[in-house]
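A.B. asks: Residue strings, one per chain:
Number of protein chains: 2
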Amino acid sequence: MKRQNLRTAALILCIFSYLLVGAAVFDALESEAESGRKRLLEQKRGELRRKYRFSADDYRELERLVLQAEPHRAGRQWKFAGSFYFAITVITTIGYGHAAPGTDAGKVFCMFYAILGIPLTLVMFQSLGERMNTVVRLLLKKIKKCLGMRTTHVSMENMVLVGFLSCMGTLCIGAAAFSYFEGWTFFHAYYYCFITLTTIGFGDFVALQKNEALQKKPPYVAFSFMYILVGLTVIGAFLNLVVLRFLTMNSEDERRDAEERASLRRARNNIHLKPKEESPASAAAVPSFCTCLCYRPQVCGSPAPSHPETLSCHTNPVYYNSISYKIDEVSLSTRGQTGSSPGSTLSSSSPRCRQHPRLRRKSI
Amino acid sequence: MKRQNLRTAALILCIFSYLLVGAAVFDALESEAESGRKRLLEQKRGELRRKYRFSADDYRELERLVLQAEPHRAGRQWKFAGSFYFAITVITTIGYGHAAPGTDAGKVFCMFYAILGIPLTLVMFQSLGERMNTVVRLLLKKIKKCLGMRTTHVSMENMVLVGFLSCMGTLCIGAAAFSYFEGWTFFHAYYYCFITLTTIGFGDFVALQKNEALQKKPPYVAFSFMYILVGLTVIGAFLNLVVLRFLTMNSEDERRDAEERASLRRARNNIHLKPKEESPASAAAVPSFCTCLCYRPQVCGSPAPSHPETLSCHTNPVYYNSISYKIDEVSLSTRGQTGSSPGSTLSSSSPRCRQHPRLRRKSI
Numbered sequence: 001m002k003r004q005n006l007r008t009a010a011l012i013l014c015i016f017s018y019l020l021v022g023a024a025v026f027d028a029l030e031s032e033a034e035s036g037r038k039r040l041l042e043q044k045r046g047e048l049r050r051k052y053r054f055s056a057d058d059y060r061e062l063e064r065l066v067l068q069a070e071p072h073r074a075g076r077q078w079k080f081a082g083s084f085y086f087a088i089t090v091i092t093t094i095g096y097g098h099a100a101p102g103t104d105a106g107k108v109f110c111m112f113y114a115i116l117g118i119p120l121t122l123v124m125f126q127s128l129g130e131r132m133n134t135v136v137r138l139l140l141k142k143i144k145k146c147l148g149m150r151t152t153h154v155s156m157e158n159m160v161l162v163g164f165l166s167c168m169g170t171l172c173i174g175a176a177a178f179s180y181f182e183g184w185t186f187f188h189a190y191y192y193c194f195i196t197l198t199t200i201g202f203g204d205f206v207a208l209q210k211n212e213a214l215q216k217k218p219p220y221v222a223f224s225f226m227y228i229l230v231g232l233t234v235i236g237a238f239l240n241l242v243v244l245r246f247l248t249m250n251s252e253d254e255r256r257d258a259e260e261r262a263s264l265r266r267a268r269n270n271i272h273l274k275p276k277e278e279s280p281a282s283a284a285a286v287p288s289f290c291t292c293l294c295y296r297p298q299v300c301g302s303p304a305p306s307h308p309e310t311l312s313c314h315t316n317p318v319y320y321n322s323i324s325y326k327i328d329e330v331s332l333s334t335r336g337q338t339g340s341s342p343g344s345t346l347s348s349s350s351p352r353c354r355q356h357p358r359l360r361r362k363s364i
Numbered sequence: 001m002k003r004q005n006l007r008t009a010a011l012i013l014c015i016f017s018y019l020l021v022g023a024a025v026f027d028a029l030e031s032e033a034e035s036g037r038k039r040l041l042e043q044k045r046g047e048l049r050r051k052y053r054f055s056a057d058d059y060r061e062l063e064r065l066v067l068q069a070e071p072h073r074a075g076r077q078w079k080f081a082g083s084f085y086f087a088i089t090v091i092t093t094i095g096y097g098h099a100a101p102g103t104d105a106g107k108v109f110c111m112f113y114a115i116l117g118i119p120l121t122l123v124m125f126q127s128l129g130e131r132m133n134t135v136v137r138l139l140l141k142k143i144k145k146c147l148g149m150r151t152t153h154v155s156m157e158n159m160v161l162v163g164f165l166s167c168m169g170t171l172c173i174g175a176a177a178f179s180y181f182e183g184w185t186f187f188h189a190y191y192y193c194f195i196t197l198t199t200i201g202f203g204d205f206v207a208l209q210k211n212e213a214l215q216k217k218p219p220y221v222a223f224s225f226m227y228i229l230v231g232l233t234v235i236g237a238f239l240n241l242v243v244l245r246f247l248t249m250n251s252e253d254e255r256r257d258a259e260e261r262a263s264l265r266r267a268r269n270n271i272h273l274k275p276k277e278e279s280p281a282s283a284a285a286v287p288s289f290c291t292c293l294c295y296r297p298q299v300c301g302s303p304a305p306s307h308p309e310t311l312s313c314h315t316n317p318v319y320y321n322s323i324s325y326k327i328d329e330v331s332l333s334t335r336g337q338t339g340s341s342p343g344s345t346l347s348s349s350s351p352r353c354r355q356h357p358r359l360r361r362k363s364i
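Protein sequences, first through last, are from chains R and B. Under full-length UniProt numbering, the residue at position 185 of the first sequence is numbered 185, and the numbers go up by one with no gaps. Under full-length UniProt numbering, the residue at position 251 of the second sequence is numbered 251, and the numbers go up by one with no gaps.
It is possible that part of the hints are untrue.
Identical chains share a label here; the pair holds if one copy fits it or two copies do between them.
[Said to hold, decoys possible] Straight line, CA to CA, 25 angstroms or less: simulated DSS-like cross-link-like pairs of lysine-lysine:
#1 2 / 38
#2 210 / 141
#3 44 / 79
#4 216 / 144
#5 141 / 51
#6 142 / 51
#7 145 / 38
#8 44 / 2
#9 79 / 216
#10 210 / 79
#11 2 / 142
#12 38 / 51
#13 145 / 216
#14 217 / 79
These are computed hints drawn from the structure, not numbers from a lab.
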């Protein structure tokens, strides 16, 4: 079975299993508490109904009123500040739902607003996140230099650690701030920040909904907006570092397959293969055979560079150091001097690629 | 200013402007209606309070009860079916909030569940989406062949059109189904599908919340789950086709810059440049100079292939046809025969790259 199909099938199976496990655990954790809360609420409601002797219709009307009035209790949701807050929740896909368009025109505009805004925002966060990673990488290098360390090379592990600590730091700062301003416990504020910055946005905890903060506390409003946007950038930077490469795995494999087919066709039509010199496997900095095949064939014939990050990789200048790429050192340098046209570099390596299927990138 | 920094700054400016415009429009569309609704609700609440003569405390208690009882009205939310539904909303980041963990243990598990589940789900949807695009591409090719068209080549525009129609079709099918099962208007059901499949998930409209559907209508529950997962795949396929390439723009430019610096260093240290033959610019199928520099230097010296998609591009086998890559035809074939080591292909082209800065990829 083709690699891409196998990978996709495995991922689907993973997700379904993950959902099943999650459902079972949430059931175990929440189901009993839900029953308890329901019993208590029914008991209290019964007491109030007996005290005031509501008619069934009036009680239903009261329920409807309370539910509809709920957003209004938090103050004006659709003045400029509230609308800006709402617009943020749309284009970042957080979507708390604390406010949602009540008019049909608002719903239509919301949909068009999201169609353009969401991709634009995705690209912006990834772009800014990548810049952030570059700055962090340079800083780490300078720090290592100042500390007089043996090597100033910034590894993937260094970057992942700093990224992870940044995410935790961002969550903790937010938790401290919102627990102070909103009167939540630190844990609930942390949970709110987590649910917000992962863009899940349940809406069970929503900032700026107490004491008409949207209209009366502009500095707090500005802080909340900046926190969400900066926090999403930090998360975006971490995702750019760790996850983005996996999003293009299938496409890369398709491209490599297509290039192999093309080069085989060219080899059959045009190229006469010449014997190549064999030389020992190069150092760990040399990327996988198939990465080399696609991205840096000329490297394979040249000495390993002293600064690996200058051979920046697929999606990230230190990509080749990532865990998914620390695989077999490959006798890439066996390609050595190819002599004739550059085209032969690709085509002449293809039979070797066929002979060594186990040298293809180990991926998910 | 460096290209990546300029691009990032432009994107940030774009987003802030977009938010300001959105806020102004939502304010204009919703603010007045909000005032109207608030007045009406206060009036009706006043009538009920006068009729039953609630004390202030009792009324607040009643409000609290109604709000807390609201999820329970929709049936058991945390039995297995409800928990599975909730788990879907977590890992897809839809996050309706119709149900949210009530216990602290549930909140903690929810966070860990999301940390692993969200990236896994992202990768799965992109992987499956890419497979879907590949199948569609093959089908389109077969259809063109059957129709006896002059060329069976599937362009990016074809793919984008089919992708867009698939998204619209998915939304319409969902709208028809949910308007039937939930008793919503077609427009509201369409709005619900849109808000769900963009993972915004306000929670103003949530399926499976009427008539205890989660427990009593297993086929409808299964349909809803499958609709969400398949719908997200279709959206994911469209994003994979259109947006994914833009997520790695900065990283690619960084890598190219690093490779240029590395090749210049090598050129200064090792390589003697030889004069190159000039030949006319090749056809539109040849990608940008800088893409070629990084991915397929050997192509530059070889004749343009008859089937461009075999030279599959960065993230997608027909990438090079994308709008962002239809740029200047470049005299890439001027690199021609390089003779010596493959390394010279890269280094010898760098001075030309310097001479033609306007030939760099036009990107956002």
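A.B. asks: With reference to the structure, classify each hint as holding or not holding.
C.D. replies: Each hint, compared with the structure:
1. For the identical chains of this complex, residue 2 and residue 38 are neighbours neither inside a copy (52 angstroms) nor across copies (60 angstroms), given an alpha-carbon limit of 25 angstroms.
2. In this homomeric assembly, residue 210 and residue 141 never come within 25 angstroms of each other (Cα to Cα): the closest approach is 45 angstroms inside a single copy and 58 angstroms across copies.
3. Taking identical chains as interchangeable, the C-alpha atoms of residue 44 and residue 79 lie at most 25 angstroms apart only when they sit on different chains, with a minimum of 24 angstroms there against 36 angstroms within one chain.
4. Taking CA atoms no more than 25 angstroms apart as the test, residue 216 paired with residue 144 passes in neither setting, with 47 angstroms inside one copy and 62 angstroms between copies.
5. Taking the shortest Cα distances, residue 141 and residue 51 never come within 25 angstroms of each other, neither inside one copy (72 angstroms) nor across copies (73 angstroms).
6. With identical chains, the CA atoms of residue 142 and residue 51 are never at most 25 angstroms apart, being 72 angstroms at best within one copy and 74 angstroms at best between copies.
7. Within a single copy, residue 145 and residue 38 get their C-alpha atoms no closer than 61 angstroms, and across copies no closer than 62 angstroms, so neither meets the 25 angstroms cut-off.
8. For the homomeric pair residue 44 and residue 2, neither the shortest alpha-carbon distance inside one copy (61 angstroms) nor that between copies (65 angstroms) is at most 25 angstroms.
9. Taking the closest pair of Cα atoms, residue 79 and residue 216 come within 25 angstroms of each other only inside a single copy of the chain (12 angstroms); across copies the shortest separation is 42 angstroms, beyond that limit.
10. Taking the closest pair of Cα atoms, residue 210 and residue 79 come within 25 angstroms of each other only inside a single copy of the chain (16 angstroms); across copies the shortest separation is 33 angstroms, beyond that limit.
11. Proximity of residue 2 to residue 142 under the C-alpha cut-off of 25 angstroms is restricted to the inter-copy arrangement: shortest distance 21 angstroms between copies versus 45 angstroms within a copy.
12. Within a single copy, residue 38 and residue 51 get their C-alpha atoms as close as 20 angstroms, which meets the 25 angstroms cut-off; across copies the closest is 28 angstroms, which misses it.
13. For the identical chains of this complex, residue 145 and residue 216 are neighbours neither inside a copy (49 angstroms) nor across copies (66 angstroms), given an alpha-carbon limit of 25 angstroms.
14. In the homo-oligomer, the alpha carbons of residue 217 and residue 79 lie at most 25 angstroms apart inside one protomer (14 angstroms), although the nearest pairing across protomers, at 41 angstroms, exceeds that limit.
Checked against the numbered hints listed earlier, the structure breaks hints 1, 2, 4, 5, 6, 7, 8 and 13; every other hint is satisfied.
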